[in-house]
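Chain by chain, the residues run as shown.
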Amino acid sequence: MEVIAGIVAAATPLVYATIGETISEKAGVINLSLDGSILLSAMTGFAAAFVTDSVIIGYLAAMAVSAVIALIVAVTSIELRLNQIAVGFVLFLFARQLALFLGNSYVGVNGPKVPSWDIPLLSEIPFVGTVFFQHNISVYGSFVVIFFAYWFIYRTRPGLVLQGVGERPEAAFARGVPVNRLRYLYTVVGGAMVGMAGAAVSLDQIAGWREGLTTNVGWIALAFVIFGGWHPYRVALACYLYRALLFVAGEFQVQFPDLVQVLTQLPFLLMILMITVINTEWFRRLGDRYPRWRNFLASAAPSGSGQVFVRE
Amino acid sequence: MALELRSIHKHFGAVRANDGVTLEVQEGELHGVLGENGAGKSTLMKVISGFIEADSGEVHLHGERLALQSPDDAIKAGIGMLHQDPLVFLPLTVLDNFLLGSPGSFRLNRRAGEQALREAADRYGFSFDPGALAQTLTVGERQQLEIARLLWLGARVLILDEPTTGISAAQREKLFEILNRLAEDGMIVLFVSHKLEEIEQLCHRATVMQRGKVVGHVDAPFSSDQLVEMMFGDVVVSEGRPDAALGSTVLELDAVTVSERLTTVEELSLHVAAGEVLGLAGLEGSGQRTFLQACAGLLKPKAGTIRLGDVDLTGRRYRNFLDAGVHYLPAGRLEEGLVAGMSIAEHFELTSGNASFFVDWNGAEAAATRDIEHHFIKGTKESVAESLSGGNQQRLLLAMMPDDVRLLLMEHPTRGLDIESADWVWTQLLARRESGTAIVFASADLDELLRYSDRIAVFFSGNVLRIVDAGTTTPDELGFLIGGKESVP
Ligand SMILES: Nc1ncnc2c1ncn2[C@@H]1O[C@H](COP(=O)(O)OP(=O)(O)OP(=O)(O)O)[C@@H](O)[C@H]1O
Ligand SMILES: [Mg+2]
Chain A
1 MEVIAGIVAA
11 ATPLVYATIG
21 ETISEKAGVI
31 NLSLDGSILL
41 SAMTGFAAAF
51 VTDSVIIGYL
61 AAMAVSAVIA
71 LIVAVTSIEL
81 RLNQIAVGFV
91 LFLFARQLAL
101 FLGNSYVGVN
111 GPKVPSWDIP
121 LLSEIPFVGT
131 VFFQHNISVY
141 GSFVVIFFAY
151 WFIYRTRPGL
161 VLQGVGERPE
171 AAFARGVPVN
181 RLRYLYTVVG
191 GAMVGMAGAA
201 VSLDQIAGWR
211 EGLTTNVGWI
221 ALAFVIFGGW
231 HPYRVALACY
241 LYRALLFVAG
251 EFQVQFPDLV
261 QVLTQLPFLL
271 MILMITVINT
281 EWFRRLGDRY
291 PRWRNFLASA
301 APSGSGQVFV
311 RE
Chain B
313 MALELRSIHK
323 HFGAVRANDG
333 VTLEVQEGEL
343 HGVLGENGAG
353 KSTLMKVISG
363 FIEADSGEVH
373 LHGERLALQS
383 PDDAIKAGIG
393 MLHQDPLVFL
403 PLTVLDNFLL
413 GSPGSFRLNR
423 RAGEQALREA
433 ADRYGFSFDP
443 GALAQTLTVG
453 ERQQLEIARL
463 LWLGARVLIL
473 DEPTTGISAA
483 QREKLFEILN
493 RLAEDGMIVL
503 FVSHKLEEIE
513 QLCHRATVMQ
523 RGKVVGHVDA
533 PFSSDQLVEM
543 MFGDVVVSEG
553 RPDAALGSTV
563 LELDAVTVSE
573 RLTTVEELSL
583 HVAAGEVLGL
593 AGLEGSGQRT
603 FLQACAGLLK
613 PKAGTIRLGD
623 VDLTGRRYRN
633 FLDAGVHYLP
643 AGRLEEGLVA
653 GMSIAEHFEL
663 TSGNASFFVD
673 WNGAEAAATR
683 DIEHHFIKGT
693 KESVAESLSG
703 GNQQRLLLAM
713 MPDDVRLLLM
723 EHPTRGLDIE
733 SADWVWTQLL
743 ARRESGTAIV
753 FASADLDELL
763 RYSDRIAVFF
773 SGNVLRIVDA
783 GTTTPDELGF
793 LIGGKESVP
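Going down the list, the protein sequences come from chains A and B. For the first sequence, the numbering used here assigns the number 1 to the initial residue and increments by one for each residue that follows. For the second sequence, the numbering used here assigns the number 313 to the initial residue and increments by one for each residue that follows.
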């Protein structure tokens, strides 16, 4: 039980990052700077919390930094029509270097940390209580984000419009939707959520700042958005599955210390295998057979993703 | 009270797509808009629906000037447009397509939406499965969905941009019936088409455009000759197929079974001679495309043999088919035939078969300039493929075709082309036939099939129902065969 609870908690930053990216890609903007954004927001969040001694201000600062980076991606893509991939990559490099440079004086410093808080009553439920309700606000927040994102995208009117904007912007525009304004909005909202991933590392999971703190979470998140078919539940499932696999690999490591290098790569291998399965015709057909599950099973990339929408 | 356009101007770069268009349409009027490819019809319709902003000019509806800055403004004013390619979201369900963009509560009430969809569908005699994905609908059904949605949103002005390309005859009948009803209810309908007979059958009044300008307005009953003259000046529409001597057998299929997704063509045996034109008739998806792709080497048959001349090509690769002189022009010009983003000059270089590693751009550009002139393509060598109008894309495809083609396979060679362009295309094709090329083409246009084919193979649900002689059959007989009936009652 504690093991599962640990896996759930460990996946938190990944969940914030993947859901944030899902939202922005649903609107049609690919934010490739993710890994740099997370690192810079982890550093900023920690520094802000350290200086003000307030975890909340740390989170807000992290979100703001990452939102600004997302805004740059949006502006360069929408106004200047630059390639999102190129801009995203440059921003990744820039944000990473900036984080290392500005964060120098905070390396190894002890700072504030999100306090743990058992949810009354819920935490006393056997099993479920331990696994899900004996964490802290950061972890609970990641649950909320998953459910809310799902509910918003598939159950609300603005969510339906969001799907349309990423899928076929000119068709959404023909229906009176302000396509580019919404792209700004969702890219920035998604970016802010990505910033929470950074804060979740530096103010909770590791609680501190050093180089390479976030261990490629951003790149992994980008892959898991694809694996998760841009569907919040499936994306979240991918995050938890990955952490679980990582844990299992860790256990094996203890027994086969010679295989350390192989074992740490194992989760990725399994993930690639699963992506292959998910993309088979057979798996896609499942969606036709069970329409209720179609969104979950056969969800695909928003067609307008990465495309600039220019009104004629 | 009416829709009034005053002096609409819109230019794209140096092209004056709309150059001072003035137009008035009364309530209850079915108004046709005619003009050759690139005349500016779509541009004008997009201006009225707010999809593009005019450089200058005014749109008045019921005496009030509209500020059309976005489609939202047009929708609020009661103007709805059905685009040339229905703008639906393919991976979303019918119901979600219906609801997307509609006003209402934050939370989606899909049950109420389903009710509204059903009511709208019933009113116009459509039927939809709300849970089906839009990508499973035919073009005609996507159109019906859009029409139902626009009317549900309260459109009083309905704009249809070439709505009859790609839909079945039955769907067209239904569409016309509905448009007539809407006009009777006092709506304004703008109907863009190349097809004179449709305008004649449907519209009360028509406007003819040419190079961004209005040539004139005509009231029903129309005279075809007058319309054609207004559209093109004087043109001579060719008489069709001159008899040519048939050569030896070029294509021979023996009991070929081939399937692709939903359609299976079973046990098909057929032969086509050099210099022969074989038309393929049938409803969309009856197997014509599957057949053509098998002949082009893009689909491998499950059984049977395909021979080209003396060579057995069964199961060989596309490359072998190309080498044997097979050339395939698919229906989706931009999706499958041309490369979006590449210029005309680059297209010519790509297909020139030039094997040297370095591209001789000077040579390529000179060749492109020559070919552009020779094929009357409206564009420059720098024009990218997607900026060309439909007719000019087809011209480019034909221009790119190598000289030594033995078997030419085509889908809808003149779909979306105006009469002049279509005529030009067929003049080119018939010239090839003179030199012994066998031509197999699929078309939904009975007139085209009858005029240019030697024989017509009618497909019905995956089988060739019958092969008829184009010289002796009638449009009626062909119509019945396409509908699956073996004989005229
Ligand atoms: N977005 C655009 N960018 C550049 N040029 C354009 C654009 N849209 C239209 N044009 C040009 O404006 C002219 C009018 O085009 P339009 O699409 O209105 O013609 P059309 O009458 O609808 O032709 P068709 O019958 O081929 O559909 C053409 O020369 C076309 O190339
Ligand atoms: Mg047009």
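It is possible that some hints are incorrect.
[Claimed, not checked] With a cut-off of at most 20 Å between alpha-carbon atoms, the simulated SDA-like pairs for lysine to any residue come out as follows: (1) K388(B) with P178(A); (2) K693(B) with S655(B); (3) K388(B) with E170(A); (4) K388(B) with G176(A); (5) K113(A) with E211(A); (6) K486(B) with T450(B); (7) K507(B) with L762(B); (8) K612(B) with D635(B); (9) K388(B) with P158(A); (10) K507(B) with D497(B); (11) K486(B) with H516(B); (12) K525(B) with G791(B); (13) K486(B) with V451(B); (14) K612(B) with V651(B); (15) K388(B) with V254(A).
[What the hints assert, rightly or not] Pairwise CB distance ranges (calculated): (16) R289(A) with S773(B): 20 to 28 Å; (17) T264(A) with S571(B): 32 to 40 Å; (18) V327(B) with L71(A): 33 to 41 Å; (19) R682(B) with V68(A): 49 to 57 Å.
Calculated from the structure, these hints are not laboratory results. The beta-carbon is built from N, C-alpha and C at its ideal position, and this holds for glycine as well.
How the hints compare with the structure:
{"no.": "1", "hint": "K388(B) with P178(A)", "result": "holds (14 Å)"}
{"no.": "2", "hint": "K693(B) with S655(B)", "result": "holds (6 Å)"}
{"no.": "3", "hint": "K388(B) with E170(A)", "result": "holds (18 Å)"}
{"no.": "4", "hint": "K388(B) with G176(A)", "result": "holds (9 Å)"}
{"no.": "5", "hint": "K113(A) with E211(A)", "result": "holds (19 Å)"}
{"no.": "6", "hint": "K486(B) with T450(B)", "result": "holds (15 Å)"}
{"no.": "7", "hint": "K507(B) with L762(B)", "result": "holds (17 Å)"}
{"no.": "8", "hint": "K612(B) with D635(B)", "result": "holds (17 Å)"}
{"no.": "9", "hint": "K388(B) with P158(A)", "result": "holds (19 Å)"}
{"no.": "10", "hint": "K507(B) with D497(B)", "result": "violated (25 Å)"}
{"no.": "11", "hint": "K486(B) with H516(B)", "result": "holds (18 Å)"}
{"no.": "12", "hint": "K525(B) with G791(B)", "result": "violated (38 Å)"}
{"no.": "13", "hint": "K486(B) with V451(B)", "result": "holds (14 Å)"}
{"no.": "14", "hint": "K612(B) with V651(B)", "result": "violated (25 Å)"}
{"no.": "15", "hint": "K388(B) with V254(A)", "result": "violated (67 Å)"}
{"no.": "16", "hint": "R289(A) with S773(B): 20 to 28 Å", "result": "holds (24 Å)"}
{"no.": "17", "hint": "T264(A) with S571(B): 32 to 40 Å", "result": "violated (46 Å)"}
{"no.": "18", "hint": "V327(B) with L71(A): 33 to 41 Å", "result": "holds (35 Å)"}
{"no.": "19", "hint": "R682(B) with V68(A): 49 to 57 Å", "result": "holds (54 Å)"}
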